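Trainee: With chain A fixed as given, assemble chains B and C onto it according to the hints.
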Amino acid sequence: MTLKDRIFIALLVFIPISIAAHLLHWGSLTVFILSALAIVPLASWMGAATEEIAVVVGPSAGGLLNATFGNATELIIALIALRAGLVEVVKASITGSIIGNLLLVMGLSMFLGGLRYKEQEFQPVVARVNASSMNLAVIAILLPTAIQFSSDRGLALNEIEKLSIGVAIVLILVYGLTLLFSMKTHSYLYDVGVAGTEEKEVEAAEHAPPNLKLWVGVLLAATLAVAIESELLVGSLEVATEQLGLTPLFTGVILLPIIGNAAEHTTAVTVAMKDKMDLSVSVAVGSSLQIALFVAPILVIAGWFLGQPMDLDFNPFELVAVVVAVLIANSISSDGKSNWLEGILLLAAYVVLGLSFYFLPAS
Amino acid sequence: MTLKDRIFIALLVFIPISIAAHLLHWGSLTVFILSALAIVPLASWMGAATEEIAVVVGPSAGGLLNATFGNATELIIALIALRAGLVEVVKASITGSIIGNLLLVMGLSMFLGGLRYKEQEFQPVVARVNASSMNLAVIAILLPTAIQFSSDRGLALNEIEKLSIGVAIVLILVYGLTLLFSMKTHSYLYDVGVAGTEEKEVEAAEHAPPNLKLWVGVLLAATLAVAIESELLVGSLEVATEQLGLTPLFTGVILLPIIGNAAEHTTAVTVAMKDKMDLSVSVAVGSSLQIALFVAPILVIAGWFLGQPMDLDFNPFELVAVVVAVLIANSISSDGKSNWLEGILLLAAYVVLGLSFYFLPAS
Amino acid sequence: MTLKDRIFIALLVFIPISIAAHLLHWGSLTVFILSALAIVPLASWMGAATEEIAVVVGPSAGGLLNATFGNATELIIALIALRAGLVEVVKASITGSIIGNLLLVMGLSMFLGGLRYKEQEFQPVVARVNASSMNLAVIAILLPTAIQFSSDRGLALNEIEKLSIGVAIVLILVYGLTLLFSMKTHSYLYDVGVAGTEEKEVEAAEHAPPNLKLWVGVLLAATLAVAIESELLVGSLEVATEQLGLTPLFTGVILLPIIGNAAEHTTAVTVAMKDKMDLSVSVAVGSSLQIALFVAPILVIAGWFLGQPMDLDFNPFELVAVVVAVLIANSISSDGKSNWLEGILLLAAYVVLGLSFYFLPAS
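Read top to bottom, the protein sequences are chains A, B and C.
Following our numbering, the numbering of the first sequence begins with 1 at its first residue and continues without gaps.
Following our numbering, the numbering of the second sequence begins with 1 at its first residue and continues without gaps.
Following our numbering, the numbering of the third sequence begins with 1 at its first residue and continues without gaps.
I should point out that these hints are in silico values taken from the structure, not numbers from a laboratory.
Small disclaimer: the values here were computed from a predicted structure and weren't measured.
It cannot be assumed that every hint is accurate.
Examples of chain B residues toward chain A, derived with CB under 10 Å [said to hold, decoys possible]:
#1 Phe149
#2 Ser151
#3 Val324
#4 Ile328
#5 Leu345
#6 Val351
#7 Leu355
#8 Ser356
#9 Leu360
Glycine included, C-beta positions come from ideal geometry on N, C-alpha and C.
Isolated chain A, as found in the complex (with noise of 0.2 Å):
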């Protein structure tokens, strides 16, 4: 068992403590923080679940079940948070979760990887044809905001919410046909472990063959436990980033999704180290890509049916910030190399973004 393991099994131990503090009435500062520690585990034990399986069952299902669960943290947390009518956070935690993967994970990733080697390569094909299924959806997902924030008056918010669900439906379609691509098609190019199969499936050959019935056991109780804790962090969220004097946008932008992706940055650093940049590389800009062409068209869709306007007119600053994230991503992984410094430029977009959104007023 890793350091990480350990790590995630002695956090199990703040599921109780958070439904305690819950229970017991410790405060919604005190819920928040403890159910977030909570989340982080269940996170990554889900994802650990979903690939035992994905081994099992084959690449083809394996491929099409890591490319559905493979951000269900996330979408858990943001359609309980939906339902409870918190709907700019939750438009929030969608380009946060973009801009987090591309700058504070790729970033850290390069950066500590950079600090052992002295450049890392990883595959450019793969990167550019992402870059370009990001560039698509990036844009397609801001339309409704510059259309918005372009014309004197704005569009009715019936339309909006119209235009949100045509641009949700052809994404969706465009999500399906990626996967199509890259599994079918020319999965030729994604021979490199994207998702981590190809990992897995070594150290599969390696140890006993994953235990089918057990792995679907730990998905389903994590999926349980997941949705339980979100019911904390959500229920006490408005009330403990008022006491921590955040705004609602900042804590959708900077705070879910650092506590949503948490598995995945500590997997992206990790294999970085190991200087196994590809994977690195595509669980980040994966991850993104999934958030902008699955999780965010599945959310205005389940708004629509849940009575919530979860429409996609962002604040313009988000559209600004995803850009600037998108940008500066693809002019450092363009030529499929990476060093300390790109690291640090990626962390220094982050961090002046967050210093932005700290400073944004609340609208």
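Mentor: For chains B and C alone, coordinates are given in the frame of chain A:
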């Protein structure tokens, strides 16, 4: 005779029908649709005649001919619409042609070509030079809009006019220098079939040499017929699009460019399906380049002579759309390779932009 | 002695003339022009002295010296203008320096170099690292403007100040790390003549070793003289530019950077015409990088000490112009090759931006 030729000859029947529709008052919508159908084959004949004449007169004069008459159909429609005072529609058709060529034409070519061939290649050198020229052109024609949008109190109308004419002159000079570069000083970079000249030369060597007088006659007749049909199209445009519930912006950005560019569309897609991706990309990118560096400036100067305030102050969302189209086309074409998914990404970008223009409120 | 040296020595005559003009009240416009003419050769002497000293003290200390004194002229003019309260002009000179280096200097170099050599090459690796740093720097210094422009009700003045200082500190840290990268951990990437050190080393080996005391004296004298002439320039600036009908914005963006950067301009162009494109590009890009990562932050912090509200809230169109300059410079330099048309494209971009700033109404 190819199937395409047969269809385009059959379509000539819409010339007398559209004129009859106009004289017999069959209604604006009918005249609009019939004249649009008549223009498509005429544009194709103009293109064919231009290329045949280009073969006879030699590469230099031929290149210049292609460079001037390449977008003649769009220029004629735009000039007639400008004289009729449809300034907003004309402006929108400029941005719409750029977007349509980069996303719809290139997207369809890459998608349909990609269904036949796993991976298609084209010269990245030419793509890169063109991309840089395109970036400049797009930036230049959008600067007046950027000024209007970014300053608290915009420019006075006559100052925008002056700025637009200044920009137009710079762009025409750059266009001339681009021709000098591609036809004289660095013509070796463009060896592969720009504007189809080489294609035609091969055909010419196989068949009999083209009859110059015949083709000049065809060119004149087709130009005259396009001009007449454009009068019908423009005359019926406002009432027809209103009946269809379309804004002038949507008409200019989406509808007119599809009519004016139908010939390029079919050429680009046809050659892509024969794996001549070089030619396909250069038709699509070259056509947008010509619009931005030649057609747009000519229209600005013509507007000044015609007393129509044809400046370069576009709708801000047009700026967003063109920037988006250029960025995504750059991102996809910069590696000199294409596959079906990249075609889908371009088409999806076109669809979401189309949806956005559909919902955009009239200003 | 080269022709350039002769001209620069002859220009020293403008030092006494400009002082006489000031004392004898020949009028603001005269003083402005004469002091500008005096500053150009002084900046060149400062550059020469810095490089000679750099050769003597060795690569590390020398690199640091170049990194600190590289844009000393601009920094001195800006500090004096800041003390005089010309905050808008100073801010505009920051964006103007970036635009001028990337478009005017690089454009002239590629154009004039390209007239002699069909195709010129330079190291894309360094261009890429610099481009990424530049992207970050530009994004960071423009974020406060983006916030102001994108939010309904902007930030309070003191919050912009705080945010600007935060951003300035991040940028100075990044600048320090960039130096560490280029001079220590990855210096091998920069083997080819960054900041001309190698050039000078070769010359030094051929000639006698430079006299350290002499050059330190030259540096001090030139710095002092620049400071005096800058007082004259700044003192006459407002009246002179008003007489010329120029806005403070145009003065800062176009006029001041041409004066402050004249030395870099001549160096970059001269070496480009000797086919040393590597050095030419690194002078132009390196200088913009230094402005964004070092000069701009220093000015923000100095403004705070001087009690002048020197924040990073630029005119929104400056944001547009810098983004445009960076995008087009990236697009043209990313392949490590240049030709005369690419030079023309950069120059054309500079001309249309200049036209735009000329017509931009004072805010």
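Trainee: All the hints need checking, so say for each whether the structure fits it.
Mentor: Here is how each hint holds up against the structure:
no.	hint	verdict
1	Phe149	holds, 7 Å
2	Ser151	violated, 15 Å
3	Val324	holds, 5 Å
4	Ile328	holds, 5 Å
5	Leu345	holds, 5 Å
6	Val351	holds, 6 Å
7	Leu355	holds, 5 Å
8	Ser356	holds, 5 Å
9	Leu360	holds, 6 Å
In this structure, only the earlier hint numbered 2 is contradicted, and the remaining ones agree with it.
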